[in-house]
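As you go down the protein sequences, you meet chains A and B in turn.
Heads up, the first sequence is in our numbering, so the first residue is 1 and it goes up one at a time.
Heads up, the second sequence is in our numbering, so the first residue is 1 and it goes up one at a time.
Worth double-checking, as some hints may not be accurate.
[Claimed, not checked] What follows is a set of in silico ranges between Cβ atoms, one per label pair, in the way DEER data are often shown:
| id | chain 1 | residue 1 | chain 2 | residue 2 | range |
| --- | --- | --- | --- | --- | --- |
| 1 | B | Gly153 | A | Pro130 | 40 to 50 Å |
| 2 | A | Pro130 | B | Glu60 | 51 to 61 Å |
| 3 | A | Gly135 | B | Gly153 | 46 to 56 Å |
| 4 | B | Arg350 | A | Trp136 | 46 to 56 Å |
| 5 | A | Gly301 | B | Gly155 | 51 to 61 Å |
[As the list claims (entries may be wrong)] If you want a taste of the chain A side facing chain B, the calculated C-beta under 10 Å gives, among others:
| id | residue |
| --- | --- |
| 6 | Val50 |
| 7 | Pro129 |
| 8 | Ala231 |
| 9 | Asp235 |
| 10 | Ala262 |
| 11 | Gly319 |
| 12 | Pro329 |
| 13 | Leu334 |
| 14 | Thr400 |
| 15 | Arg438 |
| 16 | Arg440 |
| 17 | Ala442 |
| 18 | Val511 |
[Claimed, not checked] The following residues of chain A were derived to be distant from chain B, with all beta-carbon distances above 10 Å:
| id | residue |
| --- | --- |
| 19 | Pro217 |
| 20 | Ile233 |
| 21 | Cys249 |
| 22 | Val388 |
| 23 | Ile396 |
| 24 | Gly463 |
Keep in mind that the hints were calculated from the coordinates and are not lab data.
Fair warning: this is a prediction, and the values are worked out from it, not measured in the lab.
Glycine residues also receive a C-beta, built at the ideal position from the N, C-alpha and C atoms.
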Amino acid sequence: MDGDRAPLSRPPVRRQGGAGWRALTRGVPLAFLALFFAFPLAAIVERGLVSGERPALDVLADPLTRDVLWFTVRQALASTVLTVLVALPTCWVLGTFAFRGRALVRTLVTVPFVLPTLVVALAFLALLPPGLERGWAAILVAHAFFNVAVVVRVVGGFWARLDPRVSEAAATLGAGPWRRFREVTLPLLAPSVAAAAAIAFLFSFTSFGIVLVLGGPAYATLEVEIYNQAARIFDLRAAAVLSLVQLACVLLAVTAATRLEARLAVARHQRPERDVLRPVRTRGERVAVGAALGSLALFLGAPLAVLVERSLAVGEGHGLDAYRALFEPTAALLASPWEAVANSILYATAATAIALVVGGLAALAIAEPRGSRVLDTLLMLPLGTSAVMLGFGFVIAFDTAPFDWRAAPWIVPVAQALVAIPFVVRIVAPTLRAIDERQREAATLLGASPGRVRREIDLPVAGRALAVAAGFAFAISLGEFGATVFLARPESPTLPVAIFRFLGRPGELNVGQAYALAVILMVVVAVSVFLVDRLRESRSGWF
Amino acid sequence: MSGLERVDRRMLYAAAAVAAVVVVGLAVVLARGGGDEPTEVVLVTHQSFVVSDDVKREFETESGLTLRILQTGDAGAALSRALLTAGNPEGDVFFGVDSNLLTRALEGDLFDAYESPELEKIDEQWILDPEHRVTPIDHGEVCLNVDLEWFEGRGLEPPRNLGELGLARYRNLLVVQNPATSTPGLAFMLATIARYGEPGWRRYWERLRANGVLVVDGWEEAYNVRFSGSSGNGDRPIVVSYASSPPAEVIFRSPRPEEAPTAVVVDSCFQQIEFAGVLRGAPNPSGARKLIDFLLSTRFQEDVPLSMFVFPVDPLAELPPEFERFAVVPEDPLSLPPEEIAANRDRWIREWTATVLR
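Next comes chain A alone, as it looks inside the complex (with noise of 0.2 Å):
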């Protein structure tokens, strides 16, 4: 198979495109990140650092930090692991198979990651059995159960697409189906793996509500630290030093998982899917395919399934009352709990515009052959930023009119696209990246300018894996809480945020109302990614 690759005498290709467009895909994301991330971050740091009258390394001595840092590291190095393994099996399920009801099921496993923490923590409690319903398994298969959609949907994407010829080709040369995955198939989806496992990473260490009560108050994030320092202790600067410690790691963690991608990025013809999937054959394909689909209904369902029925719970039987509730005036929201589906709707959709424009902007330049790796780092930080430090940050940061920007409603979609830009990078870049560039010199040699090569062969592919991220784009603003909470004006909250504070209220009404919600949620979740997902399915033919 390396005959294959025998180095081409390349030509000199100018793929870089003019000063304009490297003004357009470089400015505009780092232009937006400096303005949104990094002014507001660096000025709430700063205040910290300036502020009390402790040093600074006073709190990177005190033992309960080293504690702290440590059981964050590895709570999360255990979690993408579990992830990744509890995922595979149903990626490789979608990566291959064409069958009914394939888009429902990916459809279905992003609805687990865009549900608030807090929620799903609390339908986790009720389902574990007592004595393991805290601790380190609890908080372990609860982050897989949020972050397994992460690892399905790029890798199970990424492996529909992979040329199944190559895998094909071994099979003639006489390699079996195992020997096939481990020396053709893996290699291949490695850069993908590496990228969802950064994700899933990011998410665990920064985890917040499912630390907070399944671990019980023995376990802290370095998160849950940062919230306690910075809003309950009001100590700034310990929340400084802690913020500063952790965008520290996540820096190290993106370096490192982004340069592992980059190493294991293999240029490859993409198929499209209808091309790669095959009807499921033998009768032990049908047992592997049942039983890989059928054991992640059962993790990712159950709890789900417990939210159901909490949300219908009424005193000792069930009813549709707290779903009746929901029509009523309540106390606990400023508004009607439907006009918090319409907001989160709308927020979502602007999140995702935004989101859209500078991560594709990104991915562009990220994908280049000499692409900025430095971007594609610097884009990934707001995942792993503390939301209240980030929240206390804009506050401060965009307080002097006429930039006083406290109040304005623009910027919860703003925040939110901070969040889901990664994601679209994750999604858009390796897909470009991996674009073979003899297609492109190919189109060079016969006349094209770049111009027309980026329109006719990276466009296409971009446009594609756009219309994915989109779906995510979506689904995780719609999710978003961290920051929305911080900067949602109460007139107009969002699911999560309604969510939260029917929570926070006594009587059992108030909680079915909020098990209510989060039921709606996960239907709004579903149906808009479903029908993103149909999107993406007719604009396959482009190739």
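Mind docking chain B on chain A? Use the hints.
Just chain B now, kept in the frame of chain A:
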């Protein structure tokens, strides 16, 4: 070739146009959101703040001001955020400093003094700041709640005071919140300090620990999941919650029960007063003072029980029937001076953690 280059440019222009539209759109939204309306008064508060629509409208009609409410996180986070912006506030009035955090707010120089004429009717016991930088608005005691049905079903008497929680018959029945992460958890720890003093309170917690106290991080988990008397059907019939929780268990059940399924252990209650103040540097100070007056008006005071599940400080305010029947207003709750709390809070939490969790 030149034709193709033009295509390339066209694409570049299109992309630039998209970017320009985004920027211009942002600027337009910005320009609209930026202006300060002199006819508006902004109440900065925590996420538990609620006011009925008609009460809000009444204030707006009377004052000629639009009341905008800005909720900025839980009680701790909202105060922290207000302290961050002290002098250049996000609004005119801050509501939601409780007595446990009062000193932090005053030391942060958050408020301008204002002595509302409405204060005349208010009992002296609620006024903790003689300079009137903060005005008391409501009080909501943190108390042990018990699941009456659970105790009845087992022929057991619910505990009558803090001391009894250490008895063997209440083993593994109590769930409390971590005082480091929860406001009611902090209040309950303070209740034990107020009752047993130093260092007796630590010995008390050693007994609770030996008797199987369960510690969770937040009220939501403790009350909604672990407590047996709420919808979560947990296995702990004693929980730290509020004096106003029993009426909520009546109002928010369908169908409404005849009797409250839960009750308060009066002896365990710890006083929490909630204050509001005119933010220093408020864009609309006169509107802010009107708003403070309104928060003390009988109209608003009668709204707080059912909207926020707290008790009014206004002695003239009538309690709703559910509160008259099912809520207990503790006559003489436990309390500690705010300065003492401020001076010792962090140390106490560390000692509590060492005693109960390590």
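- What are the numbers of the hints the structure violates, in ascending order? Violated hints (numbers, rising): 1, 3, 4, 5, 6, 7, 10, 15, 16, 17, 19, 20, 22, 23; every other hint is consistent with the structure.
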